Structures are given as C-alpha cells and as structure tokens.
Amino acid sequence: MKKILIYTMLLLGILPVLAQQKGYRIEGDEVVFTFHRDDYHVAREDGFGHKLDFDNLDIRSVAVAGEFNNWSTHQWKMVRVDNDRYELRKKLSDFDHQFSWEFKYVINNILWAEPDKSDPNITRAFKNGRKLRAYNLRLFTARPDKNGNTTFWLNGYPKAEKVILAGSFNKWDEQAFRMKWREGFWELTLQLPPGAYEYRFIVDGQWMEDPDNPQKVPNEFHEYNSVVYVTKDVPFFLKGFSDAVEVVLSGSFNDWATEGYHMQRTPNGWADTLALLGGKHHYKFIVDGKWMTDPQNSVREYDGKGNINSVCMVR
Amino acid sequence: MRQWLAILGFVLGGVVVQASELGRIGFPKAEWITENTVRIPFALVDHLIVVEASVLGQKGGFIIDTGAETLILNKVHCPKNLPMKKKTHSSSGVMSAMSDTFQNMIEKLSLTTYFSIPNKRADILDLSHIEKQKKVKILGIMGHSVLKDYEIFVDFYLRQITLSKLDKSGNTLDRDVYLERITDSLDFKLNRHAIVLSATINKSSLTLGLDTAAELNQLTPKANSRILKYFYPKERVKVMGVSQRKKEVLIGDLHRMKLSETVFMGPMTTMLSRMDHMNQAFGTELDGLIGYEFLKQKRTIINYKKRKLYFISFPIVQK
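These protein sequence lines map, in sequence, to chains G and L. Quick note, the first sequence lines up with residues 1023 to 1337 if you use our numbering. Quick note, the second sequence lines up with residues 176 to 494 if you use our numbering.
Keep in mind that the hints are not guaranteed to be accurate.
[Stated by the list, open to error] No farther apart than 25 Å at their CA atoms in a straight line, the calculated lysine-lysine pairs in the BS3-like style are these:
1. G:Lys-1184 with G:Lys-1168
2. L:Lys-234 with G:Lys-1238
3. L:Lys-433 with L:Lys-483
4. L:Lys-309 with G:Lys-1193
5. G:Lys-1193 with L:Lys-234
6. L:Lys-471 with G:Lys-1112
7. L:Lys-471 with G:Lys-1254
8. G:Lys-1238 with L:Lys-312
9. G:Lys-1112 with L:Lys-409
Calculated directly from the structure, the hints in this document are not laboratory data. Keep in mind that this is a model prediction, so the values were computed, not measured.
The following block holds chain L by itself, in its conformation from the complex:
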C-alpha cells in the first residue's frame, strides 16, 4: 500500500489546476471542539487509517496519509460529468505508466459546520484496486497538502485524528488542545512532503520516513550489518512488484530502534525491501519507512511547521 501511494504522491506533484464544482467533502463523524480544532474518529482497515467522509452524497472512507503529497479523489466515485483537466506533464518516469491522471479543485473540506479546509487541489485517480484489496469503499486520500497547516494528533488509543490550526510560527491557535501531558518530543526534517527522522540501532544511524499509510515498516537490505543484526526474520511473503512481477520479501521484527536518547521503540514488524522506488518518490535517501508499527506504539502529534513530533503516553488502564 505505502509503496504505490508514495509513488503516486511523487507523480502527482505537478502544478495543473482547474476550478470546478465538485464542491464539498464532508466528514460526518467529525467532532467540533473549537473553530480551530476538530477530532475525527478513524477505523483501521488492516493497517490503514481510514476516516468516514461523504462526497456528493456518497459515503466512504478517506485514507490519512502523510506520505502522499496531495489530496487524491477516487475517480470511480466522481460524477461522470465532473469537469477536470488532464495532467500534461509529469515529474518522473513513473508517470509514463499512468495514462489517466486528472485534477480538480475542491471548494471546501467540511469537517464540521464550523470547521472547513478551503480550496485544495485534488488529483483524480482510479483507486478501485485499493477498494478491491481492502474491501471497503475509498473516496480518496488525504495527504500532505491538506495536513500541513494543522497539528495532527494520530491517537491509536482513542482511535481518532485531532487537527488543530497553526499560526505562522507553528503554534496551535487554541492554547489547550490536549489535556493529557506531552511526555516527549522529536525533531524531524521535511524533505518535500516527507517526514524524515534520524534513528539508531546498535549505535548505527539510519534515516527513516514517517508515513501514516505504511502498513508495514520497510528497511533496506543494504542497511549496515550492525543494524541487520537486530532484524529477526520471521517469514517470506510474496508481493507484487513493478510491472506486475511477483517477488519475495523477508518480513521480520526490527529491534532496538532509538529515535533519540529518550525515545525508544519496541520490536516492529518490518519488511526487508529495496528502497529505490521509495527514495525516488520521496526525493531523498531513506534507509526505511515507519508507519503503523510506529504509531501503534506512540500516540504521536505531528507539527509540520515546527518540524516536530510530540508524544503522549498510553494510559495505564485500571481494571
């Protein structure tokens, strides 16, 4: 999932815009907190974060994806008479494989009556293969272009996303968004739309992308042997490669990852696979990707403007 989404994100980085009347995307389950903060419950579809949305009367899911560059709408569920413009150029060779990329302007993403995200460019793509694989109706993907203006709390404990508007300096407009204590933080680099983190395993450093739609972590087999020493293989799984070629990858648990002197990760299920396409997609040299496996261990707040992650502890549940 992550891999092709990342490539989509890269491919769709063009500048073609055409206004039209697709209108509003609504999020019926969103909880309005203030005019600057909203919470949206999500469901996990396998390991994808999916929020319920509606477009032109159709209900379905939107994937929350920090790895995608833009807002993407599923062409399958767009009205046939929707005015849209075919993209005329691409920014990578992968684009040559895509013959049906279109764009449209979304007038408003209405998260609640009082909270909306105006004027976002949307890329129109056929996402029916995700629907077929995941067996859920997918209306689109919400990527970096929508998320970047907000502080985003991805909370796997309460199964919700909190979006809070930021000022120019990256401070939330609402003073008290969270009532639980932030226990730690981490700096990241933003390379185009990719959140890039530095980590170490066994005193060897590696560069990782944080991607909320990465269903499995990924690690390059070219990683330092000191790192691979802590990759404990579990099984081989067949995956479909580019050009529909099947290939086998090794899946196992990656241990002893440290993201700072205080941020430690437990073992994370990880796929050992070449990062060439990912690196092309993210425009940077990554040793791996972390996603679901990271977020299920850390209740994470992402602030693009401050280039920071913040963490809130999982509560101790009393029985």
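With the rest of the complex left out, here is chain G:
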C-alpha cells in the first residue's frame, strides 16, 4: 500500500512560532506589505552576489516579490509613504487559499533585502532545491494580532510551560500559535477570515478542548474539538426606491425575517450592514411589502421551493 503514496509534496521548512510579524500587517480585508529601511541591515545582489550595507544604499524603489507573483522583482512596486517607508496593499482574498506565502523585498529591482535570523516569520530560502544561506519572510493569512477579531482564552494552568492554540485555521499546527500567559489565564488573539473554525489547546503537549466553550463537535479521537464562529460586517445597498416607505433586508442569515431588519434611507437608496458568517447567504429586499432580488447583483439561485434569491458570498 505504501508504494502508492507517490508524489507526496514535501513541505520545505517548518512553521516558526509567530510573534510580531515582519514585513506585513493585515488590516480588514487587506494585506499591507510594509517595508521600513530600519528593519534591514544587509542587502544582497540577485544570484547570491555581493553583500551591501543598508546604510550606504540609495533606495530608489522597493518591490515585493514572492510566491504570489512568481518572484517578480519589479511587478508589485511599492508606494513610498515617507523617506524610509514603503507600502503596498493587496486584497486578503487573493491569498486565502494558502496558509502561508514566502516573500521578500527587492530594492531598485536588483537587491534583496535580507531578513535577520531573529525575525519571527522567516524561513530558509531554497534555490534549485539547495538550501541557501539566506532567509525569506513568510506571510500567514491567519496570524496572531493583538487587534485581531478573535480572542482565545484558557483559564488556569499557571504552571504550564507552553500552551499552543491549534486549529483548522492553521492546519492544526502544533507550534505556530503560542499563547501568552496573563494574570490567571492564557490568551491569544488572531485575525481570522469569516467562517467556522475548530480548535484545541495543547498544554505542555496534552491536547484538550476549550473547557469554557460549549460549542464543540466530536473528533476522530472520541474527544471534542471546540468551535468558534467568526463573522464579517457585510454592507447591503439597494439603489433608488426613494419613494418607498420602508425596505426590509431578509435572508437566510435572519431566517427570512419580515420585520426587525429595516434598512436605513440614504441619499441614493437604502443601506444596512450585517455581521455574517463566512460562506453563502441568500437574501432579498422587501420594498413596501413587495419581495425583490438585488438588481445590482448578478448572482442568483433557486431555493428548494422554486423561489429566486440573490446570493452573497462572504469570505
């Protein structure tokens, strides 16, 4: 049987323990690539050439190169924010099909800004399958962020040396998300895309469910995984209908309520924002008692009763 295990992709490198991530931050639904001159000390020419000191560099342009753009040294040019800082914003949804991405900054299209060995999100660089004496940065689509949208707590265990948070958001990695000890509890805040996630804690090597979370599902080890639901604010807008008296937003997310979800009148139409779970939602507007699909949304589906609904996808 083992002989049919062919072509299994080997993952090169091990996930580092995440702390403050270097080279990017995530704001809402955007990844903000950030380059600050002070964060780097050494640059190297392409092809593992000369080492150059950052102090003597005349930086004319900075680009971000990585797995996401075929390591192009010029395609994703960054915007200069001030003398020493450059930024580039990209949609997080362009990255969410992979848990981590390798990248690096390129100065003047030819020099690679080398991360320090002490940076938390580095991984060994490889070329033609050979290990290089250099590192790439890694971007994690789920990552600890003190301003993130989901905080995990584990009460007690003051004598534990290490508590790890592992879940479906990081393929149950047993190292990556290390929790921090506060007074009386362990804590970690993550920024997660909307959706339902299963998770467990690993306290000094012992796996356990979240004892304070009643939401849980059985797992294959005859124990339980805890479940957390992450929502996202989704705006809805109906253009026009200025003569209408009331517009109600009704959908699968509010059990097709006909009351209690009144949209707000705006100069151009009607608006509302709802916190929704990740995934597909059907909805309709009720304009003065008359049901209608969203005229500005081309995505529509039948339900199981022959009705046609608009569809929004939250991700």
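Here the structure of chain G is known, so what remains is to put chain L in place on it, guided by the hints.
Chain L only, in chain G's frame:
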C-alpha cells in the same frame, strides 16, 4: 495527490462486487433544490475539493475527484465487521503493490432526504496517508462512477458543487438549473473515465486531462519547445516518487493556454513532470493535467453525457 489518485482510479477498475450493509452515505450540508438537483458546499483543503459527509455516524470529508474511476471509502473509518470482498485480479502492474484492496456496495448516497444516488460499488482502501498529510478526516473519494450521471457545476466563486440529474440525451431533467448565464462551452473526449481536452500554446497543440483533484497542473517535459517557451520556471520542489524515492520537479507558471478560439487561460502554476504513470492510469496519451488552477479561473459545468464543459463568468463584485 492527483498522481496517486489517478493510479488508484486505474487500479480499481475491476469488476468484483459484493453486496453488504454499509448502508447510506449522507451529505448533511447538501441543499435540496428539486428532486433532480442538489447543491453541496465544499471546502478547499489545500487545493482539494472536499465536501462534508457522514458514514455510519462518522463525519468527515469526501474528495470530489473526476480523475478517480470509482467511489472509494477509507478503510480506516469503515466498521471492522464490514463484510467486504478482497479483489482477486488487477488491471495493471501497479496493483502488485497493493495488497489490501476490497470492495463493497453502497446502498445509497443520501445527499438530502429527497435526493440520493443508489447502489454504487465502492472500493475500500486505506486513505490514512491523505489524512496525515492534509490533517483532515477523509471518509472517501467520489469519482467518475458517481458523478457521470449528473451535470456537475464546480463553482469556485460560491464554493459549491451542483449536481443535476441528466436524461439519456444528457439534458438536465430540470429545465432551469442555473440563473446565471452560460457564457461559453467546450467539447471534450471521454477516455475511460478521463476528461480529455485539446489545447494550444503558442500554436502548438497539447492533450490535457481535466481532473478536479489535481492540486497542481502537470506538464510533460517532453512537450514541444514552442510550448515550453511559455513555461516560466519558479522553483524546484522535492516530491516523493514511486518506490518512495524522492525526486525534484520544476514548478513554474504556464502561460498563453487556449482551449478554443474563445476560451483563454491566465497563467497557471504547473509542475513539469513525466506523464508516464498518469498516462498508464488514464489509459491515454496526455501531455499534462489541469485541475485546481483551471477551476479557480473558470466556473465550470461538466456534462459527461454530452462530453461538454460549460462556463459561467465570475461576477463583477461591486464594493
């Protein structure tokens, strides 16, 4: 992933059947539309399309795989007292590597209370290595023998599979399955269970298999130099070869693929690797495989009976 699944699909093409009582496979998240059409949301596990299912009270994932010939159940999660029959012959030399292939009959795949797929032969195999690699519980693989009687809409925008029953001519029994407009179509050949497409790159033609479980596209290094001119190498990755031997393959982006005068593909991440085993598995001469990279660019409807693919455009999302 694709490579060994394809070989499994080939290996399991035998005719041994034994009835038993494994019973029903349920899909708890399936959405019943009519008695002929059902939608099932899927999750992407890396680049695999996985739908949630339950077998005998156990919940887990089923991989949707047009490259697999049959329905496959993971032996690890089958009850120990499950009656099954050991396969007695094989159709390829690869079978000699497999000592524990069994089969069983599935009475019913219950997608919803009103929509089920009856009497399908299932091959019983140990799939624990996929679980170990992907870190998800896998109950089985849904291959061609289940999918062929339906029109299958693989929708990466709404992250769902729509299955709609076909009549003998290949028309859906429901007249209006999709409310979004079909914008293009493409003919394909069906070689055994393999969907075979003709494509061109730089005016050179190539033959490709479409496989929903191909996590990376694959292209033979023997391809015409006019084609390889548009393969831009990115990195070398180590993969495990047959007999557990590691080998290095080149991964890069394949540009300028045309599937017809109107169906164009953007750059697709592709692995340059010999196709010998794939060709053996699919029983045809292929220059490459396309899968996830294709489906993420095209919302694709597969109709096995009409030998056609149809495409629906991604919507323009207003912010």
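Results for each hint:
no. : hint                       : result
1   : G:Lys-1184 with G:Lys-1168 : holds, 19 Å
2   : L:Lys-234 with G:Lys-1238  : holds, 14 Å
3   : L:Lys-433 with L:Lys-483   : holds, 16 Å
4   : L:Lys-309 with G:Lys-1193  : holds, 8 Å
5   : G:Lys-1193 with L:Lys-234  : holds, 18 Å
6   : L:Lys-471 with G:Lys-1112  : holds, 18 Å
7   : L:Lys-471 with G:Lys-1254  : holds, 23 Å
8   : G:Lys-1238 with L:Lys-312  : holds, 16 Å
9   : G:Lys-1112 with L:Lys-409  : holds, 21 Å
Checked against the numbered hints above, the structure breaks none of them.
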